[in-house]
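Participant: One letter stands for each residue in the lines below.
Protein chains: 6
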Amino acid sequence: AALTHIDAKGEARMVDVSAKPATERTAIAEGRVLMSKATLALIESGQAKKGDVLATARISGIMAAKRTSELIPLCHPLALTKVTIDIATDEKLPGCIVRASVKVTGPTGVEMEALTAVSVACLTIYDMVKAVDRGIRIEGIHLVEKIGGKSGHYHAAE
Amino acid sequence: AALTHIDAKGEARMVDVSAKPATERTAIAEGRVLMSKATLALIESGQAKKGDVLATARISGIMAAKRTSELIPLCHPLALTKVTIDIATDEKLPGCIVRASVKVTGPTGVEMEALTAVSVACLTIYDMVKAVDRGIRIEGIHLVEKIGGKSGHYHAAE
Amino acid sequence: AALTHIDAKGEARMVDVSAKPATERTAIAEGRVLMSKATLALIESGQAKKGDVLATARISGIMAAKRTSELIPLCHPLALTKVTIDIATDEKLPGCIVRASVKVTGPTGVEMEALTAVSVACLTIYDMVKAVDRGIRIEGIHLVEKIGGKSGHYHAAE
Amino acid sequence: AALTHIDAKGEARMVDVSAKPATERTAIAEGRVLMSKATLALIESGQAKKGDVLATARISGIMAAKRTSELIPLCHPLALTKVTIDIATDEKLPGCIVRASVKVTGPTGVEMEALTAVSVACLTIYDMVKAVDRGIRIEGIHLVEKIGGKSGHYHAAE
Amino acid sequence: AALTHIDAKGEARMVDVSAKPATERTAIAEGRVLMSKATLALIESGQAKKGDVLATARISGIMAAKRTSELIPLCHPLALTKVTIDIATDEKLPGCIVRASVKVTGPTGVEMEALTAVSVACLTIYDMVKAVDRGIRIEGIHLVEKIGGKSGHYHAAE
Amino acid sequence: AALTHIDAKGEARMVDVSAKPATERTAIAEGRVLMSKATLALIESGQAKKGDVLATARISGIMAAKRTSELIPLCHPLALTKVTIDIATDEKLPGCIVRASVKVTGPTGVEMEALTAVSVACLTIYDMVKAVDRGIRIEGIHLVEKIGGKSGHYHAAE
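Chains as they are written, first to last, in this note's numbering: chain X, 449 to 606; chain V, 449 to 606; chain R, 449 to 606; chain D, 449 to 606; chain A, 449 to 606; chain Z, 449 to 606.
Here chain X stands alone, though its shape is the one from the complex (with noise of 0.2 Å):
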């Protein structure tokens, strides 16, 4: 095996994906941002009220997964069809879930768009937190599924 982004001479280079057909591919990505029971009790009575906290996550994580491509070297630039992020409050963590399904019709792949946007949408709750609970952790950034393309379908391990 070798690292498709590094080339013969050891030098990074966006892959040429010219050769390789436009399909469909999904691929949906998952974190968590842990928290205090207290920090959680906050947004989940603002979740009641108006929920700015989570739409706000929600935004900048389809926002995020437009610019993955100018964030990650070397990514390649995708007409994205479908973005969507779904914020799950969970007691138990205490704290957040944070999942994103992205489409498109391309010669690559969107699993790094998906995890781009649970990244930006996790590091958007902390901001919104963070003065009140600074021992915050971002945790289980990973790939959870993957459709389309010449490797197949991938589903994570539970």
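One thing to keep in mind: the hints can contain errors.
Intra- or inter-copy, both count: the list cannot distinguish identical chains.
Simulated crosslink set (DSBU-like; lysine-lysine; CA at most 35 Å straight-line) [unchecked claim]:
hint : residue 1 : residue 2
1    : K540      : K468
2    : K457      : K468
3    : K598      : K540
Calculated from the structure, these hints are not laboratory results.
Could you slot chains V, R, D, A and Z onto chain X? The hints should help.
Facilitator: Positioned in the frame of chain X, the structure of chains V, R, D, A and Z alone reads:
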């Protein structure tokens, strides 16, 4: 306690910091990219030669720190005076430990800039090895240390 | 009727357009910048010489059309195939009439791109004359015509 | 009178503000999105539930304020210290009234930042309801109030 | 002959390419950064160790290629399928030779993307050594080769 | 001598400038676009009429100066206080001479901002005439003058 980023109507806002003095502030954040032993070996062999995997991740993290206020909706734009990214490979994880250190002379802190730099550097490492390892996870993104500002020195408990 | 950009839970999403065919679509939008007669005369005398006020506004509008999906959270990124901006000065307003025409071959329309181009071109005219006229207003930003897509040809009533 | 953004040769320039002191400046701008009664009802029912239409517009406006100098060619980059967006629904219009308030401590004012925030928030509302209402118009984008700077306090006449 | 980017009124426009088929196109561009022998030696000693000067320049060039349509006002946005940057040090110049190769499947060519990648990679090298050498010059940025499109194969004369 | 942008481990970093005072700094840079006599005549005839070729290039250079820290990985973000671009046509070259002048009050200089402005303005001229002239070259991008900062006044030898 209440969320500073949410006003009395429950709506998101960029907090008014115009009355806060511009003082020197530092933040250090950290995160980990967990992968298989074989994947880590590929990065390290690359590192021995030209090091482009980790160099690319470092650059992406530095550049992302500068774009934090574009990504995180309620972050204030800040003229950062220093950004460094250190990435260590660790065979016990196995994986990479990414640490960002950011400085500013300004009215607000730079936690989000350090955390964004770490997140994007981790995502870039992920991107460069994802073709050989689908089980990669980004874990433990958190604030390590914060110096300056009204709330004083903070150091995360080990 | 329901809002397509809001899902069943009431949450914002970028609509899935992956099943829609890529077809040619055009949108034309318009807006007006109202100012005093004296201010308009300054623009027109500039126009007689080098035209940099209107040239700057045209360029800003063309560039803004390309960044629509960065600005409008739920817009899909699209590879625009044409953007033109026409600006006419009108002494009866008095002021400027800005019209943008945008084309794409893609799964969604380009109304927002045309409207964003008009808005930013109007703001740029505002910026260039605001030092001499504080009562400027931007009015009547609307879709003039839309060609292509499932919903067919639309032409705004006069 | 002459246009400050145009030099003696008639060419656009970013004005030299290096000799101007950094002082606190505020700008408030406003605009309206006019739509049918039925469309407004859809936004308001959404508002009753989760409010994502207006929350999305607020976030887009705050983020756009921070990117003003990227969009408006001759605007100076500024480290904004506050951005808030208030959106009221008004059944008499019928439609939405968008108001932005922006602050900075700097050598130039923030009218363009407030006006850009209003414009983009209006465009985002437009985007979210355009599928059910094609006759939407954005009207009356103007400066409401300006505090600070050499020219002193300005308040638009009603 | 007439300038395609200027219409009959003498005004800038983004040319309509909607009727042109999407075909594979490649462009290769080159430029040089000239510096003193001592400065080049510093880069090469760095290169012997970790190579971060040239790695940073390579990454900056790849990322700039993707942002060409944001920088060059009348460029069409394109979904690039390949970007590589090669940098050779040359003791006879003395200095660095930067070469970019860009591919797309689209309705227009990618000369500007290759030239922008070269320019930004050259500027990044300049930035990293400017503190030790103020006489650096960037020279000879030009198109080397162009494949595909209506005008056929072009190869610059030596 | 050592490279300030590379640390003791040979790794790229954004240098810590937090201890440097904010002082006024100016940089002037220059570059040339060489083309055929016939191509230059096309620009000049355009210039006589509306001047959109050179106006577009000027605007692109001003806007690029503001985005320097996004393009050049280790550049500090700076709140520029002035950017001007002068473009002269020269029949002896034949071609265009582009000169940028940039100011800031900050802890670091603005050479890179002036050089980036020149580079992008040159690329924009290239873009607008490339369809009629494939042999265009960008030459001689260099720092002309630098005022302010610890290293004092610098003026390039003729």
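Participant: Decide, hint by hint, whether the structure agrees.
Facilitator: Taking the hints in turn, this is what the structure says about them:
For the homomeric pair K540 and K468, neither the shortest alpha-carbon distance inside one copy (44 Å) nor that between copies (38 Å) is at most 35 Å. With identical chains, the CA atoms of K457 and K468 are at most 35 Å apart within one copy only, with a shortest distance of 24 Å there and 37 Å across copies. Within a single copy, K598 and K540 get their C-alpha atoms only as close as 38 Å, which misses the 35 Å cut-off; across copies the closest is 33 Å, which meets it.
Violated hints amount to a single one, hint 1; each of the other numbered hints is respected by the structure.
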